[in-house]
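Enquirer: Spelled out, the chains give:
There are 2 protein chains.
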Amino acid sequence: MPSAATGTNSTFNTLKLSKDRLINTIHETAKWGAKGVWGPNPTDTGVCRLALSDLDKQVRDWFVEECKNLGCTIKIDQVGNIFAIYPGKNDGLPTGIGSHLDTQPSGGRYDGILGVLSGLEVLRTFKDNNYVPNYPIALVNWTNEEGARFPVSMVASGVWSENIPLETCLNTMSIDKVPVSFGDELKTIGYDGAVPCSYKENPLYSHFEIHIEQGPILEHENKKIGVVVGGQAFEWNLITVTGRASHAGSTPMDTRSDALYTASKIIQLAIETAKKYDGLATVGTLELEPKSVNVIPNIVKFSLDVRHFEDDKVAIIMKEIKEQAEHICQININSKKAKPLSVNFDNLVNSKAVKFHPNNIATVKKAALELFKPEEIREIVSGAGHDSCYCNTRIPTSMIFIPSKDGLSHTPEEYSSPEEVDNGFKVLLNTIILYDEARLQGSV
Amino acid sequence: MPSAATGTNSTFNTLKLSKDRLINTIHETAKWGAKGVWGPNPTDTGVCRLALSDLDKQVRDWFVEECKNLGCTIKIDQVGNIFAIYPGKNDGLPTGIGSHLDTQPSGGRYDGILGVLSGLEVLRTFKDNNYVPNYPIALVNWTNEEGARFPVSMVASGVWSENIPLETCLNTMSIDKVPVSFGDELKTIGYDGAVPCSYKENPLYSHFEIHIEQGPILEHENKKIGVVVGGQAFEWNLITVTGRASHAGSTPMDTRSDALYTASKIIQLAIETAKKYDGLATVGTLELEPKSVNVIPNIVKFSLDVRHFEDDKVAIIMKEIKEQAEHICQININSKKAKPLSVNFDNLVNSKAVKFHPNNIATVKKAALELFKPEEIREIVSGAGHDSCYCNTRIPTSMIFIPSKDGLSHTPEEYSSPEEVDNGFKVLLNTIILYDEARLQGSV
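Chains A and B, in that order, are what the protein sequence lines are. Using UniProt numbering, you'd call the opening residue of the first sequence number 1 and step up by one each time. Using UniProt numbering, you'd call the opening residue of the second sequence number 1 and step up by one each time.
It is worth saying that the hints were derived from the structure and are not from the lab. Computed from a predicted structure; not experimentally measured. Hints are all accurate, no fakes.
When chains are identical, the list treats them as one kind, so a pair holds in a single copy or across two.
With a straight-line Cα cutoff of 20 Å, these simulated PhoX-like cross-link-like pairs (lysine-lysine) come out:
| # | residue 1 | residue 2 |
| --- | --- | --- |
| 1 | K275 | K339 |
| 2 | K291 | K301 |
| 3 | K405 | K339 |
| 4 | K337 | K405 |
Working from the sequences, and respecting the hints, build out all of it.
Expert: Take a look at the structure:
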């Protein structure tokens, strides 16, 4: 049991919990995509389960079957989001618990998966205890949160919240060697549902999500639970540097327009500019042409992900990077004989800072304080984007974080201990109970 | 006729030349791979004709047919090198004229092609004039000079000169999306010949090659002909930087081990170090993992091509780059919280500076001086590698250069004017005649 709770919810205390079932389920379902051995134990691997792949289909089929066995009604919408509706005593919009079962190509066992399976453990606990909530609970598996295979992250919650057009999602092409469309792959795995993908036509009352922090703050400060109050602003750009291809052996240095040399200076600049303003910058993809050892590259395209807790700081950082990048292209290799290069910024995503709903934040905080000491809990801002950020644009939403070892995620070594997973689950369970009770009282 | 020749070879003057046939052949054969429009004229494109592709087969079939029609005997060796032997009055090893018909993916119309087709024009001119040389002439199309599709450049002359094992060549895998072996593709296009690929078993007496300069020196100095006396030393390395993947949104800057940030610093360092020593450095390929917009790369692999006219300078440059790269990995992002990265240099090619044979150089110089003013001719060192460099390890070899517009090559805009092409051909023709006559006199 958690240490020295400051108060307890009477309902939570009446429920018998199944020790280790959640962590075992996390490890059992990792068989669909287990990859990237990092330690001696059989569970010391990551997971590679790209959205709408055969492995994604397999874990979805299992998930649907499990939820049906618990008495849930299954609704699959037009972009493959799965809503498993656990019935309540009263009619009313379901309270949502959601996250995602897809992963990065070199992903871990927890990112997203923790959220869906913790939600499942909530429903399993209700079922074991014959506990019927006041209102239905919708456990949601959002499609393609990662944006790793179909390169628009959180696209399916984006469509549901009507921030992204349905057609944009369905037409998104995969980054596979032979690209396929989101819509075609959805059909291939049989998850092209008929339910409208819309918060208006298939509504939720509210949305909660538990997730690993994916950063080092909780671990460094020795906190058990993060009460997530919002998310960072971020901007994605595709940057193209254009120079001139020429032979590596016969083109003097002072006449080159080397697109990779210039790009390497812009990459350094971008990272150091973000750091200067206490923001974050990451170049995660880079392609060049013509891709031959002895040819000076003429085109380099790379992504730039810039984040900050404050919207205006993202704008300041991007402005400075753009101005300095132009300057770098002009000076080139500091030779009058060399032609300047050109640089183009193509904005892909522009996401404002997120402020979660006060009622949801308060419920999570109350639920955590009933189970842990105040000094074990911390308000925190999410560094990463989540489906909850799109949900929050339409319905009251908030999140719960548990610590990530060494702050790592999107890597096989991503790890949270069984105790940390259990702590988080208990806070989620208590949150759902408290929120469901508050709904009956009309206070949320 | 060339301007103000300082002396003339009596044989050269007896031959009737076919105006424009060579340049027309260059443009006609560009149909096999024409790509990369850069101007309004139908000939304003580059050529993409990767080694052992269907397009390579088509140009080879045409080449073999043309040579047969001139009375040549065709020999195809184990790596697909084509030797078209034009008979002479006397037995004896053939004098070689060689270059290559394959191109870079974004190649031009002249690199390599000029050499083979200028050789063909020599044979056509002999045939037109019923001129029989003293000794046979072997016109050689060397396979996969570029190393663009099968990433070992000059591999086939390397095998012939016994600098590269036959099996290494045949087992080289292509960089195609679905990689195939050199040996399998050779069979597919029907150029897996039975003639041993060896300078011992299929010898040449000597080797000449005409090529575009691929650099700006002749153009800048207003020279018509480069008498090539040797080639730069160069070294190829595959550099791997290993850091740690983590989430772009939730990993603080001062805890990152960003492999691309570090690689970008090493790329800059390498280029600036080579420049400092009057050498050349080029990073032409770069791959990273895990290749996701919002994941910090953990692995970046890139090629580094370093060249210098002096062997020891290449070693000095590489030593400094390696030491400094280690240092860059250690300091990482100047934060005590961040782990150092690691860097590994995998040496792919190490090629000493080339000194061509004095007899061949002297013959080319004499041939040029008979046709052009001394101030229109210049000794020059090749920046690029050529099949002639491998030939030179076993038989007397040298090369002739003509100017490249803006010094460009390995790009569709690569250009030499019809007059420059014609100038070069005349020097080649005169060289072959003079050398053939010198052989009879026993002076070479």
